[in-house]
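Residue numbers (the working numbering), protein chains in the order written: chain V, 6 to 218; chain Z, 6 to 218; chain L, 431 to 648; chain X, 431 to 648; chain D, 1480 to 1710.
Note that these hints are calculated values from the structure, not bench results.
These numbers were taken from a predicted model, which means no experiment stands behind them.
Every residue gets a Cβ at the ideal spot worked out from N, C-alpha and C, and that includes glycine.
Any given hint could turn out to be false.
Claimed, not checked - Covered by chain D, according to a simulated footprint, are these stretches of chain L (three or more residues, beta-carbon under 8 Å):
| # | region |
| --- | --- |
| 1 | 438 to 444 |
| 2 | 492 to 503 |
| 3 | 520 to 529 |
| 4 | 549 to 560 |
To be verified - Facing chain X, a subset of chain Z residues (Cβ under 10 Å, in silico):
| # | residue |
| --- | --- |
| 5 | Phe23 |
| 6 | Ala54 |
| 7 | Gly61 |
| 8 | Arg63 |
| 9 | Val64 |
| 10 | Gly68 |
| 11 | Thr81 |
| 12 | His83 |
| 13 | Ala101 |
| 14 | Cys143 |
| 15 | Ser145 |
| 16 | Pro192 |
| 17 | Val193 |
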Amino acid sequence: MTLVATDITCQRGGQTLFAPAGFRLEPGRATQLTGPNGIGKTTLLRSLAGLAPLAGGRVTLDGQPLGALEGALIYTGHLDALKPALSVAENLRFWAALEDCADIAPALEAFQLTDLADRPAARLSAGQKRRAGLARLCVSRARLWLMDEPTTALDTASVARLASVLEHHLSGGGMALIATHQPLPIPVDTLGLSPAPAATPESADPFLAGSFH
Amino acid sequence: MTLVATDITCQRGGQTLFAPAGFRLEPGRATQLTGPNGIGKTTLLRSLAGLAPLAGGRVTLDGQPLGALEGALIYTGHLDALKPALSVAENLRFWAALEDCADIAPALEAFQLTDLADRPAARLSAGQKRRAGLARLCVSRARLWLMDEPTTALDTASVARLASVLEHHLSGGGMALIATHQPLPIPVDTLGLSPAPAATPESADPFLAGSFH
Amino acid sequence: MRALLARELTLALRAGGGAPQGLVFFLIVVLLVPFGIGPAPDRLAGVAPGTLWIAALLSCLMTLDRLFQTDFEDGSLDALALSPLPMEAVVALKALAHWLTTGLPLTLIAPLLAVTLNLPASAYPWLVAGLLIGTPALSMIGTIGAALTLGLRRGGLLTGVLTLPLYIPTLIFGARSAIAAADGQDPVPALALSAALTLAIAAATPFATARILAIQLR
Amino acid sequence: MRALLARELTLALRAGGGAPQGLVFFLIVVLLVPFGIGPAPDRLAGVAPGTLWIAALLSCLMTLDRLFQTDFEDGSLDALALSPLPMEAVVALKALAHWLTTGLPLTLIAPLLAVTLNLPASAYPWLVAGLLIGTPALSMIGTIGAALTLGLRRGGLLTGVLTLPLYIPTLIFGARSAIAAADGQDPVPALALSAALTLAIAAATPFATARILAIQLR
Amino acid sequence: MRLSGRVLPVLSALAAVSLAAGLVWGFFFTPDDYQQGSTVKIIYLHVPAALMAINAWIMMLVASLIWFIRRHHVSALAARAAAPVGATFTLVALATGAIWGQPMWGTWWAWDPRLTSFLILFVFYLGYIALWEAVEDSEKAADLTAALCMVGSVFALLSRYAVLFWNQGLHQGASLSLDKEENVADVFYQPLLLSIAGFVLLFVVLVLIRTRTEIRLRRAAALDQRGTARA
Ligand code: HEM
Ligand SMILES: Nc1ncnc2c1ncn2[C@@H]1O[C@H](COP(=O)(O)OP(=O)(O)OP(=O)(O)O)[C@@H](O)[C@H]1O
Ligand SMILES: Nc1ncnc2c1ncn2[C@@H]1O[C@H](COP(=O)(O)OP(=O)(O)OP(=O)(O)O)[C@@H](O)[C@H]1O
Ligand SMILES: [Mg+2]
Ligand SMILES: [Mg+2]
């Protein structure tokens, strides 16, 4: 299973965000997505996840269009998908149940959440919340992990823990695409996004096209 | 004006968070607050800001208790205090007006927000949002800046920009206390929080005290 | 599927959840009416079924506005959209959970409140039947409004504005049957129409709502 | 001070803000009543003042629940608490802005809606006077409920539960005067009591609310 | 855009002429009705406004469908442009109806099915406009309002039948239909047709103007964005 993206671009508010980019992600490899604030990393990840449309280019997973493969990927964004009223274990158990995964203990263990398992998510510190959000990765069977700034609010020990979870996923043939501003302590390929060249009329807002003078 | 904290501790949910800590902050100096996730950095900053009570110890600003000095400090937390429906400039102008500061242009300039000034805050990327939140520092006259993980979501260029804003503030006799997991590119003192020793009956929940046998 | 339903129910019943408040709100709106229009028994009896229906509708509405909102704000909706469960099922289950925690208890308590409003005894079964048949439609329709206003600040209020007109057919048929019974007319046709309406709505809305949610997540 | 008032008004009037929706919600609740209780003009006339008051109350309530909530969620309330402006002033200004964008327009449109409910002409001035005097109290009282439920998921609903009982005195006196006028009795005493109540509330609530907010921010 | 720019003045002129002619003819050159007296003349405002209120919604529905299926940007903007016009016509129909109702039925308002469904239609217009205003992202707003328009149409129809079931009304039925025997007398009929034509043209002109404005606003916003991006 290989993810191939060629010449993809995204738009926001009718504007092309970055110059067409391509990458190739083999099983067992991770790619780090870099670029200055506002270049479109989040938008790109959401587009790959199928939550937003791509503005151009093609993405295939083993030759098939990506959209056909629901459940083959998981996306962790800026938000942690935690219910403040539920405990850490309850939150995780719900996501596990959706993926038919019965045992959440390893996931809690991996992010050192075992002691916090019964604490309502509302009463976690920023870093603990993030860890609980990331634990969702460990109960999913998705091969492709799309992660948006996963290290936010994590201390060094937790970053190391995340790295070892990632390595375990990759060594099992998984793939990961990680947008981050911080260096990751695992070997990764890098994909840097660069600004789009000055918008050409066609690529930009439809209302800039010729017929609307 | 000097901030002196002696033997301060904080509690959350009836539990003492970190071993009593003390520090001294002189004009023109910044202190970095470090410690693992969940140790109580955020809680400490909020207590110093007067938003939460201190569980023990004393804090004085030039010998006076800290609480008496409203307006002398500003706190930027995990949240950015931005209204999604208002533009960046409108958001900032409001905070500036509360501080009787008329000109927001330098603050926008300092965080490279001039181009984004008319964009509604809802349509900013994570890093752009954070920059807009931090710009509030530049329209305040507060001497003491309490900052909770200010570099979250910022790219390297923006971190450098934040550092130069901080240096400017310090060189004018300001003070800053900054909780962060990432190294800061300016010279700072460091205050590391360490876990509290096993709870003594007196310091813990009132219902564990002697009279409730 | 079962996990989602269980989660929704837990969240609704847990401290701060919508379920008890929905009921209490219903109760309070009904209790306000005598204060607002005065205590004369005749006047009250005349407006009793209508009051109960309007109160039910408003308290459904108030509990609905955050149906997807919290999931949207904390990123759960993104994760649900990418989960193996189809979005239509998510919508249907959420509507079901909403009805179980709001519409159903409210239907069960309505006869008690009807006493305070002097509703004639003959109208009781029809009132309950009407609510039982009509309130699921309120929950289903509500998902449309909730989805449309997702992510808007003050979305809750706009939800009301968009959803209330959609509620009118359900309200008319539902209230009609109890009023007819109270006035000694035949309550059956209104009830039958109400049932047909609910079925049609239950069949169609999950698809519409799922479509709207996909747009919102872009 | 002026900056805060301006900001609140802008936010309320800006796309997605509460002001137009508050009005439209008022309109819709009133509109629902005939569907609920049937179109007979006599019956409608009997409940007209009460309906308008209850609708005003509910639409105040619905716009109130997020009065501090959004500021709390995005960290603005922390910043406001540490700003040079005292919290009491923040509360009073927010209540004022809320009344200007909800209570006042709603009072102005009420006579028009009264027509659709067949309210007798003699009651019009008393209805308007009552709303004009009573609605500021609704906004002020609402700040208490909004502050108490801050930070709770589904806070909006709990706000309702906590606030509605506090609204009852205002509702009784306010509605009484219009009902008295419609029934040919003396509407003045009820109105005077209502005015006294509003003054007392306006004087006391900012302090109570500011205190509650300080506790919430801990 | 260019085509609409050229047609617009002509249409405007036509609209003005037929409206003026229809209304003046209707108001000043028709006899009073033997039953209703001169109040009958309000028909020249009431009926066309009522017809156009419904047609405007239908036009929005069609435009929304086109947007949904073909993603033709102008159709989304046309639907947006039509909404306030339709809402205004609805309001005019309601207001003239109320003014007419006072002498005819002795009341400004009655919960007659026809009037009631118009009120509901008005609420739908308001919700539609509010939603357009509330959503920041223009493409998303177009999608959402289109969805609302379709769902709303279904429910507007449902409400109509529900309302008929709920109350038999006072309002007269349609008497303009061509196959009916008893149409309104010819003296009333011809100016009425003329003013209906005037209202149709007025609607088209207003929608065209508003659509052109919307397009230009969008263009301005897009250019503005591109400007900031370059800077
Ligand atoms: C305020 C509320 C009213 C509304 C919303 C309203 C609505 C309508 C509508 C939609 C039509 C066009 C129907 C059609 O041609 O099929 C219409 C026609 C008409 N309305 Fe009204 N109406 C109102 C009040 C009144 C009143 C008070 C009267 C007079 C007593 C009246 C008299 C008529 C007449 C004579 C027609 C022409 C019907 C025909 O086609 O022969 N309407 N109205
Ligand atoms: N809802 C929106 N509507 C229009 N434009 C938006 C919206 N959200 C974000 N943008 C713009 O789209 C661009 C890309 O945003 P995105 O969030 O993808 O950036 P990013 O690379 O993730 O940045 P960061 O490192 O700050 O998270 C930014 O310039 C942003 O201003
Ligand atoms: N509302 C709350 N009620 C009870 N306990 C809480 C609450 N919020 C946080 N805590 C607990 O208090 C402790 C300190 O939290 P705090 O947010 O101050 O940590 P922190 O040092 O800022 O951590 P991080 O680096 O993750 O941001 C944590 O162990 C957390 O679980
Ligand atoms: Mg991002
Ligand atoms: Mg913290």
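(Q) Checking each numbered hint in turn, tell me which of them this model violates, lowest number first. (A) 1, 2, 3, 4, 5, 7, 8, 9, 10, 14, 16, 17
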